[in-house]
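Chemist: Quick note, the sequences are listed as chains D and P, same order. Adding 7 to a residue's 1-based position in the first sequence gives its number in the numbering used here. Adding 89 to a residue's 1-based position in the second sequence gives its number in the numbering used here.
Since the hints were made in silico from the structure, they are not lab data. Each residue gets a CB set at the ideal place from its N, CA and C atoms; glycine is no exception. Be aware that one or more of the hints could be misleading.
As the list claims (entries may be wrong) - Okay, the calculated bits of chain P under chain D, using three or more residues with CB under 8 Å as the criterion:
id: 1; stretch: 552 to 562
id: 2; stretch: 663 to 669
id: 3; stretch: 712 to 724
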Amino acid sequence: MKRVYLHPLPVRIWHWINAIGFIILIITGAQIRFVDSMGLMSFETAVDIHSWVGFILIANYFIWLLYYLVTGKLFKIYIPPFWKPVEFIKNSIRQARYYGYGIMVGDKNPHHPTPDNKFNPLQQVSYLMIMVLLIPLQIITGLILWDPQFFSGLADVFGGIQIASLIHTVLWIFFSAFIIVHFYLATLGHTPMAHIKAMFTGYEEEHEDH
Amino acid sequence: MRGIFISGIVILCFLISYMIPLKDAISEDVKACLKCHEIKTLQKRLDTGESISLYIDGKKFEKSVHGPMGCSSCHPNINVRNHPKPRKIANKKEYVKEFSPNCLNCHPKDALMKPEVHGIVVKKGEIYCSECHGSHYIGSIKEWKNKASFNEYCMACHKFDMTKTLPSKEKISLKVNEQEIKKSVHGKFQCIVCHSDFSKVKHPIYNFKDKKQYRAEMTKICTKCHTDEKLKKNPAHYALTKTASCIECHGYHGVKPAKVVRALPENQYCLSCHSRAISMKFKNGETLSVQVKESEILKSAHKKLKCTECHREFSTTQHPIRSFESLAEYRAKAKDICNNCHQDAVKKYDISIHAASLKKGNKESPDCLKCHGYHNVSFITKDKMASSELCIRCHRESGKAFEESVHHVAVKQGKQNAPNCSSCHNSHDVLPVNIAKLDNACIKCHKDVKTTHNKWLWNPPLRLTTFVETHFNSTTCASCHTKTQKAIFLTLVDKAKNKTLQEDEVAKALNIDIKALKTKIDPNGDGKIEEKELWQFMSSIKEKTKANLLGKINVLNSSDAHKIESREKSIKDCAYCHSPNAPMKSKLEINREGTKPLRFEVETKALNSLYAIPNIKDFYVLGFTKIQILDVLFFLALIGGIAVPIGHITLRILTAPIRRKRREGK
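Whenever a hint applies, use it, and build me the whole structure from the sequences.
Modeler: Next comes the structure, spelled out in structure tokens:
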């Protein structure tokens, strides 16, 4: 059994704050939107929690960004090898085939994570999109909704508060679905708790080929 | 001896006199009555202090038409033996009133009613028989009629206090003061010189609607001698005769020369004519009183002004004759008079909804005169309610709503800073409420309003006043500070020009007549814009302009905006608006320059449509205007998110034997 130190402490802290924050934001977001049919808390409380946690996650995002910029790992880990697109596409298909078929018939996971290449091609594309595009978009549109007057300039860039709200809501829907799938995928290690445990300890266990 | 002789002579005379009859025509009862009533000093004193002579001149009575009749014919229950005790009589009128029915014993009422005018006099009962005909010395009417001059004949009745009530309920006096006529310039005239349609045998009856018509008809009498040709020599006077009746200035019977003395002080000179009930007539038939009450001027803010300081084209030597199409045209010009001194106020008024409305023909809309009066221009009062009453005269509903407000309580308490109508709506530049930015009026007094709202209206973690501004931009103060029905008002704005689109601009962009705009927006004409109609209209207008809809929450009925509650009672529950079930209606307003907007009800679900995103870009009420389809998408995503693991796990369970076999090397 090989142990790979995949998740450094700052990343783990960021991840768990983000995970809890996301769940809270999704639930309070639902409470704000469905105030007439959900009774978890009052509208005012939901807005207060949503705003506080939103700002915590903005700060958290910058911890992540700062860590990956300072360590220079952002490029290595998150950017797919666009200079060898054919190989990347092939690897992506292989990875998708694994999740759709190989995993059923007992194939080995084609991706073997290392600290410098911890994401498989599908993860790499997904997390790049999420971390570089979707989360910043959610942050910006969230800020516009948090204080439309203060961020009226930003709202104009988007073409109005309606579009900002549309983006924020669509991303809320996406993240709601994503977080479920993400949790499920996290159980697809060599044991159901393997990846989850790794996100606490930092070490990912991997069976060595014999 | 001498005494006995004198007494004998007296007794003899008495006996002789008793034996000689007075005259055969006089009946015995008359003689009996005259025994006392021939005493010249016999009189009765009335309660009023007046006295009635009870003396009867026997000879005169003998010659009268009633001479051959006995006293008891007219005084049925009185004779020497049975003379009632003296009674109390209030006054002479009461006396004749009480006595007159006795005449009817011989002169039945039917007969008296036959001559029409006599009939009217009898019926009205203002004058009684004996007042005209006398009591004991009544001569032959025929003889009197022949002998009497015209004036005597007319005055026989018209010296009395007679009145005529017109259909307008106005009363005109028919009493003529003979002395006044004698002193007048017409002193030598007989009545029929002027009243030529009357004579001793002719007394027409005229039915005038009102005093005005009466005066106008009377004026025609004057023009028989005072012809237009003669009057035209003085143009101002001639113009006056066309609008005012002669009698306004010259009187009825006491006609006096109304020469105006130029040396009079200017205001007095003008008032020589204008203190009277004269009026001017417009081409369309409307009339306007040009009477000026000196007492009103003296009480007004203009009391120190001379007439010509306002009426600059007039003087003691100049009186231009002006001609106006209508009262509206006259009043529009009258504004120029005010503008001589009050340029600032007039300039502000000119941009007001009142000016625009007046221009469009709304006669009720105020101009300077409607609020400030003609000559009774009042001082600016410190009584806030009094000055508001002027507005409430027309805006009754708003006035009533204001009475329910905390502001009205403050006014009643006499608080110096309590607002009245003009505090928010201005006095002269009163703008339509949809463009007046009335919230600024609130902020004028409630200066720290942003800070006070920011105490509770903020999003953590930062207490930014811009969050308060967000709400101020999209809702009016009255929306939260009144407990009334609210609505979202959508207005068309040109995003490229950053301005509100006016009705004419919208019509122009759609290439239709302004009158067809209503049908264009609401094609089925049901007064409500359905979702489809709204987006179709937006799609048409966006072909030509960068039009978009902007929303604002306000009270549905603008009068309700006056019902401001105390701070404690205002709405602080965010979910009141930020809920899909918020009790709000939706309206579409197309602005119209200077007047109230064109307003339609909008199907509220239109605000929850996907089409709202490109068409209402800058207005979004969290919760209330949410795009409904996204809720469906959220639940589908949740189901999808759960379905993926479940499906995958199911496949993994189903394929477990394959993996087992492979692990076992089979």
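Chemist: Now tell me, hint by hint, if it's right for this structure.
Modeler: Okay, the hints, checked on the actual structure:
1. For the stretch 552 to 562 of chain P, the stated coverage by chain D holds: 6 residues have a C-beta nearer than 8 Å to a C-beta of that chain, and at least 3 were required.
2. Look at the stretch 663 to 669 of chain P against chain D: 5 of its residues bring a Cβ nearer than 8 Å to a Cβ of that chain, three or more, so the hint holds.
3. For the stretch 712 to 724 of chain P, the assignment as covered by chain D holds, since 7 residues bring a beta-carbon within under 8 Å of that chain's beta-carbons and 3 suffice.
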